[in-house]
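Student: Listed below, chain by chain, are the residues.
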Amino acid sequence: HVHVLRITVAATEVTGRDMEDVDVLEEDTEKEAGEEVVKDEEAGKRAAGELATQRKLLAIEELVLTERNYLRHLRLCSVTIRSNLQKVQPPLANLDTMFLHIQEVMDVSERLLTLLDRGQPSNPGFLSLLCDAFLSLRTDMEAAYREYLAGYGNVTALENSYKQKEAVWQEVVKVVKASAPEVNASSPTFFLVMPVQRIARYPLLLQTIQKHTDPRDPAYLALEDVARIAVDMNCKINEYKRFREVADKYKKTETLSIRDKINRLNGHSIAKKTARLGQFLKHETGIVPKVIDEEFDALAGFFCVLERGITDLHENVENFLGHLQAFLACRPEERDLDLGSDRGVVSYREITAALKQWIYPTFERRVRTLVHRPLCSLREMLAGPRNLIRKRLDKLLDYEALGEKSGLSYEEQAVAGAYRTINALLVAELPQFNGTALQLLWGILGAFSCLQRDLAADTEQLFASYTHELPHSLLEPSAFWEWASAAVCEEAKRLDAIFQNVQEELNAPIVQPLSPSSQRRLQVLMERHSPEKIYQLTRHVVGSRELDLTLQRGELVALVSEMDTRGDRRRWLVDAGGPRGYVPSSKLVRYRQVTKEVPPSPHFTTAVGREAIRRHSYSPESHPFVTMAMPCFQVFAGYDFTARSHHEVTLRSGEPVKVLEPHDKRGNRDWSLVEVRGRRGYVPSNYLAVLPSVVAPPTAPFC
Amino acid sequence: MKKSTEADTAMSKAAVKISADLLSNPLCEQDQAFLDSMTALDTAMRRMDSFNQEKVNQIQKTVIDPLKKYSSVFPSLNMAVKRREQTLQDYKRLQSKVEKYEEKEKTGPNMVKLHQAREELRPVKDDFEAKNKQLLEEMPKFYNSRIDYFQPSFEALIRAQVVYFTEMHKIFSELTEQIDQANLTDEQRERENEAKLNELRALSIVADD
Numbered sequence: 017h018v019h020v021l022r023i024t025v026a027a028t029e030v031t032g033r034d035m036e037d038v039d040v041l042e043e044d045t046e047k048e049a050g051e052e053v054v055k056d057e058e059a060g061k062r063a064a065g066e067l068a069t070q071r072k073l074l075a076i077e078e079l080v081l082t083e084r085n086y087l088r089h090l091r092l093c094s095v096t097i098r099s100n101l102q103k104v105q106p107p108l109a110n111l112d113t114m115f116l117h118i119q120e121v122m123d124v125s126e127r128l129l130t131l132l133d134r135g136q137p138s139n140p141g142f143l144s145l146l147c148d149a150f151l152s153l154r155t156d157m158e159a160a161y162r163e164y165l166a167g168y169g170n171v172t173a174l175e176n177s178y179k180q181k182e183a184v185w186q187e188v189v190k191v192v193k194a195s196a197p198e199v200n201a202s203s204p205t206f207f208l209v210m211p212v213q214r215i216a217r218y219p220l221l222l223q224t225i226q227k228h229t230d231p232r233d234p235a236y237l238a239l240e241d242v243a244r245i246a247v248d249m250n251c252k253i254n255e256y257k258r259f260r261e262v263a264d265k266y267k268k269t270e271t272l273s274i275r276d277k278i279n280r281l282n283g284h285s286i287a288k289k290t291a292r293l294g295q296f297l298k299h300e301t302g303i304v305p306k307v308i309d310e311e312f313d314a315l316a317g318f319f320c321v322l323e324r325g326i327t328d329l330h331e332n333v334e335n336f337l338g339h340l341q342a343f344l345a346c347r348p349e350e351r352d353l354d355l356g357s358d359r360g361v362v363s364y365r366e367i368t369a370a371l372k373q374w375i376y377p378t379f380e381r382r383v384r385t386l387v388h389r390p391l392c393s394l395r396e397m398l399a400g401p402r403n404l405i406r407k408r409l410d411k412l413l414d415y416e417a418l419g420e421k422s423g424l425s426y427e428e429q430a431v432a433g434a435y436r437t438i439n440a441l442l443v444a445e446l447p448q449f450n451g452t453a454l455q456l457l458w459g460i461l462g463a464f465s466c467l468q469r470d471l472a473a474d475t476e477q478l479f480a481s482y483t484h485e486l487p488h489s490l491l492e493p494s495a496f497w498e499w500a501s502a503a504v505c506e507e508a509k510r511l512d513a514i515f516q517n518v519q520e521e522l523n524a525p526i527v528q529p530l531s532p533s534s535q536r537r538l539q540v541l542m543e544r545h546s547p548e549k550i551y552q553l554t555r556h557v558v559g560s561r562e563l564d565l566t567l568q569r570g571e572l573v574a575l576v577s578e579m580d581t582r583g584d585r586r587r588w589l590v591d592a593g594g595p596r597g598y599v600p601s602s603k604l605v606r607y608r609q610v611t612k613e614v615p616p617s618p619h620f621t622t623a624v625g626r627e628a629i630r631r632h633s634y635s636p637e638s639h640p641f642v643t644m645a646m647p648c649f650q651v652f653a654g655y656d657f658t659a660r661s662h663h664e665v666t667l668r669s670g671e672p673v674k675v676l677e678p679h680d681k682r683g684n685r686d687w688s689l690v691e692v693r694g695r696r697g698y699v700p701s702n703y704l705a706v707l708p709s710v711v712a713p714p715t716a717p718f719c
Numbered sequence: 639m640k641k642s643t644e645a646d647t648a649m650s651k652a653a654v655k656i657s658a659d660l661l662s663n664p665l666c667e668q669d670q671a672f673l674d675s676m677t678a679l680d681t682a683m684r685r686m687d688s689f690n691q692e693k694v695n696q697i698q699k700t701v702i703d704p705l706k707k708y709s710s711v712f713p714s715l716n717m718a719v720k721r722r723e724q725t726l727q728d729y730k731r732l733q734s735k736v737e738k739y740e741e742k743e744k745t746g747p748n749m750v751k752l753h754q755a756r757e758e759l760r761p762v763k764d765d766f767e768a769k770n771k772q773l774l775e776e777m778p779k780f781y782n783s784r785i786d787y788f789q790p791s792f793e794a795l796i797r798a799q800v801v802y803f804t805e806m807h808k809i810f811s812e813l814t815e816q817i818d819q820a821n822l823t824d825e826q827r828e829r830e831n832e833a834k835l836n837e838l839r840a841l842s843i844v845a846d847d
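Going down the list, the sequences are from chains A and B. All letters in the first sequence, in the order written, are residues 17 to 719 by my numbering. All letters in the second sequence, in the order written, are residues 639 to 847 by my numbering.
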């Protein structure tokens with residue numbers, strides 16, 4: 017028992033150490049005695065706590081360390097690279113605009129580091145220190161980064177202008193590489209993009225720290241706050257950037273475009289167009305009311321069409337928003353596969369987190385405010401005119417029913433009056449309704465397009481800050497995808513290879529020595545069937561239907577047919593060495609006959625047997641193979657055997673026997689001549705067992 | 639992951655529907671300006687959709703398929719672990735049988751049974767040890783392979799999105815130039831919308847019934 021337990025405990029330890037987070041592997045290795053499990057749980061909890069503390073410390077240290085590196089790089093860029101670039105001949109145009117706002121950003125970073133350097137990350141109070149530092153610098157940080165990001169577009173534009181001239185660009189690259197040889201930079205923007213990256217990373221760094229902090233920690237609430245503030249900051253900075261872009265564009269001259277044409281829409285032009293539309297509708301629908309009022313019909317027709325457009329748009333936008341929400345609800349990036357800190361993985365997580373936390377939510381918010389809500393209101397307002405138009409039609413029918421009477425009664429006059437009022441009202445106000453509604457619709461669509469563009473711009477900027485980090489990002493698209501699919505294939509093959517090994521090993525069947533009855537069965541079956549048709553039962557089967565067999569586990573059978581008469585492939589027809597019938601195919605496994613380890617060979621038996629006999633009969637005959645120091649072995653009957661003729665002798669399992677000859681008269685080693693209980697006869701050789709002799713010498717009680 | 643891409647595709651298709659329905663509305667027929675801009679919107683949406691489709695396809699190949707493959711290994715591994723467990727049970731059972739016989743009186747039949755039990759035990763023990771060793775070797779290998787395995791997937795995921803959003807930016811910038819009113823801030827837009835809505839509300843035909 018002890019021996020077995022030790023193996024499994026060792027296995028648990030090894031697996032526990034190597035595979036902390038993978039649940040699927042843990043379940044099978046912890047099935048030992050109850051107290052083991054409890055001990056493991058407590059140890060596990062402690063370990064998890066320690067792990068979290070460790071990870072928290074790592075996260076904090078990463079924040080501080082990366083901040084330091086970041087500042088160092090910025091300094092390198094703004095001092096060394098800048099001065100070297102200034103020396104380039106011919107002098108680079110507008111060089112100063114590249115470095116316009118970098119100083120403020122560096123100042124903030126410096127101040128942050130000074131505050132952080134007042135404590136040690138391993139110090140328990142450091143977390144509060146960190147939070148306070150962020151909170152105190154928050155406004156300045158936002159201001160500095162805001163300006164920097166708003167101006168970053170100019171920086172990239174400027175760099176592109178340098179790229180236009182080959183010679184100039186070569187110089188620039190040379191300067192960059194010479195000034196920062198230990199960094200793999202190939203352009204000024206490698207450094208200049210860092211603030212863009214950094215501000216987006218604060219929320220994620222803070223959240224990682226938060227993830228590993230115990231909620232009971234005194235600094236936890238402050239940490240939560242700061243993380244949220246960091247996200248907010250990013251939203252505001254992006255908004256500001258957009259605001260600035262708009263302000264800048266205003267200064268450009270406008271060209272006559274579609275939007276100008278829209279601005280020229282007014283009631284009059286709409287009325288003209290609706291008249292045309294009215295004609296079109298009449299042709300289409302064939303409705304010709306008795307009192308034909310063309311102007312009205314035109315207006316009403318336009319309204320209908322407008323209504324339909326608005327309704328469709330409203331529904332489609334709702335649909336769109338619904339899918340957007342579903343999209344945001346899936347958070348595959350949060351599944352922690354414990355994949356460590358590979359650049360690709362970390363970048364992916366950070367990017368997706370950023371997208372989900374503020375870029376997409378901002379987009380959604382704006383779509384709702386600028387597209388969905390106005391559409392809702394507009395759609396509601398359609399009800400009024402629609403009802404009135406219907407009422408007018410009803411009144412019209414009443415009016416027509418009055419006919420061309422002269423001298424109408426009071427009620428009849430009221431009816432006529434009602435119709436005329438409604439008609440007049442609609443004719444007066446519908447044009448304006450149509451026109452304004454159309455303009456509104458227009459604005460909404462324009463806004464939608466603009467929002468999509470902003471979404472793309474924000475995301476593009478986010479990605480730009482990561483392209484430097486990914487090893488393959490500089491490859492051309494086609495080259496990249498080639499590499500990607502090749503890499504995927506390779507990995508797949510490797511996985512297969514690992515997996516194959518496991519499969520092969522684990523499917524190798526156990527080779528058990530066969531009992532004599534099984535051996536005989538095997539012989540019988542082999543006479544009638546070929547070796548690859550021999551199968552072994554892996555479990556007991558009890559026959560339930562007609563022609564089903566009841567067999568024991570381990571019995572050998574030969575396969576006759578892989579399905580029954582009805583074509584069911586789960587019932588196989590087998591030959592059980594006599595009876596034939598069906599067994600479930602799931603309980604059968606191919607029996608591989610292996611010539612395996614040496615069973616007690618007759619030779620050996622003979623030698624020992626003779627020796628055993630020798631001990632009694634001091635025969636001077638010495639046999640050549642009995643030169644070794646003889647271990648004490650004894651031959652016993654392994655199984656019961658009933659003599660079927662007078663040449664054979666009955667055996668009872670466990671009896672000691674003396675082997676006289678290990679073969680029969682014809683030299684067949686399957687049979688041995690033995691003496692037992694004073695009688696002699698032949699028994700099957702494989703019914704004999706050689707065992708260490710702990711029993712007293714052959715004067716056993718059985719004799 | 640799969641749900642994410644499905645929602646993404648659905649979003650894109652919804653956007654296309656927006657423009658398609660508008661384009662088919664007769665409003666377009668009577669105003670050239672409207673028609674032009676609706677066509678522009680529609681083209682933009684369709685192009686975006688095709689880019690989205692491309693992106694999804696690439697993700698399918700380089701991320702989702704490898705993911706599926708990797709997770710298909712788990713059931714088999716589980717099976718293997720279970721079989722080892724079974725073997726362990728057999729081993730324990732036979733072991734206890736052997737020990738039982740060892741403790742009994744050393745009589746002839748008992749000796750024989752003991753011997754037989756030992757013989758039965760041996761292959762099972764070997765098998766268990768082999769399985770155990772295999773698993774101990776292979777499982778860590780498998781677990782460690784995951785980093786390298788997924789590395790290209792992550793990069794591909796990012797790259798596909800980069801391409802998509804770059805195109806999206808270009809397309810929608812052009813479109814906005816064409817159909818959007820003079821660049822306004824969000825507050826300005828909201829105010830304009832409110833103004834128009836109020837104009838409409840002022841009409842008596844829109845009054846609440």
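Everything labelled a hint here was simulated from the structure, so no lab data went into it. Even glycine gets a Cβ: it sits at the ideal position worked out from N, Cα and C. Keep in mind that the hints are not guaranteed to be accurate.
[Stated by the list, open to error] Listed below are the simulated BS3-like cross-link pairs for lysine-lysine, each with C-alpha atoms no more than 25 Å apart in a straight line:
1) B/Lys-730 x B/Lys-720
2) A/Lys-603 x B/Lys-707
3) A/Lys-603 x B/Lys-720
4) A/Lys-179 x A/Lys-193
5) B/Lys-651 x A/Lys-372
6) B/Lys-720 x B/Lys-771
[Said to hold, decoys possible] Examples of chain B residues toward chain A, derived with CB under 7 Å:
7) Phe-689
8) Ile-702
9) Leu-705
10) Val-711
11) Pro-713
12) Lys-738
13) Tyr-739
14) Glu-740
15) Phe-780
16) Pro-790
17) Ala-794
18) Asn-831
19) Ala-833
Student: With reference to the structure, classify each hint as holding or not holding.
Tutor: Okay, the hints, checked on the actual structure:
A distance of roughly 15 Å separates the Cα atoms of B/Lys-730 and B/Lys-720; the hinted pair therefore holds under the 25 Å criterion. Using a Cα cut-off of 25 Å, the hinted pair A/Lys-603 and B/Lys-707 is violated, with the two alpha carbons roughly 29 Å apart. In summary, the hint linking A/Lys-603 to B/Lys-720 is supported, as the alpha carbons are separated by about 17 Å, within the 25 Å threshold. Taking the CA atoms of A/Lys-179 and A/Lys-193, the gap is about 16 Å. The hint holds against a cut of 25 Å.
Only pairs whose Cα atoms come within 25 Å are accepted, and B/Lys-651 paired with A/Lys-372 is accepted, the gap being roughly 21 Å. A threshold of 25 Å between alpha carbons decides the hint, and for B/Lys-720 with B/Lys-771 the separation of about 14 Å falls inside it, so the pair holds. The interface hint given for B/Phe-689 is violated, since its Cβ lies 11 Å from the closest Cβ of chain A, which is over the 7 Å cut-off. Below 7 Å, beta-carbon pairs count as interface contacts, and B/Ile-702 has none with chain A, the closest being about 10 Å; its hint is therefore violated.
At its closest, the beta carbon of B/Leu-705 sits 9 Å from a beta carbon of chain A; the interface hint therefore is violated under the 7 Å criterion. Annotation: B/Val-711 was flagged as interfacial toward chain A, and the flag holds, the nearest CB pair being 6 Å apart, inside 7 Å. For the restraint placing B/Pro-713 at the interface with chain A, the shortest Cβ-Cβ distance is roughly 10 Å, beyond the 7 Å limit, so the hint is violated. About 12 Å separates the beta-carbon of B/Lys-738 from the nearest beta-carbon of chain A, more than 7 Å, and the hint is not met.
This hint is violated: B/Tyr-739 has a C-beta 11 Å from the nearest C-beta of chain A, more than the 7 Å allowed. The closest approach between the C-beta of B/Glu-740 and any C-beta of chain A is roughly 10 Å, which is over the 7 Å cut-off, so the hint fails. This hint holds: B/Phe-780 has a C-beta 6 Å from the nearest C-beta of chain A, less than the 7 Å allowed. The beta carbon of B/Pro-790 is positioned within 7 Å of a beta carbon in chain A (closest approach about 4 Å), and the interface hint is therefore held.
Nearest Cβ of chain A to the Cβ of B/Ala-794: about 4 Å, under the 7 Å cut. The hint holds. Because the beta carbon of B/Asn-831 sits about 4 Å from the nearest beta carbon in chain A, less than 7 Å, this interface hint is met. The beta carbon of B/Ala-833 comes no nearer than 9 Å to any beta carbon in chain A, farther than 7 Å, and the hint placing it at the interface is violated.
Going through the hint list in order, the structure does not satisfy hints 2, 7, 8, 9, 11, 12, 13, 14, 19.
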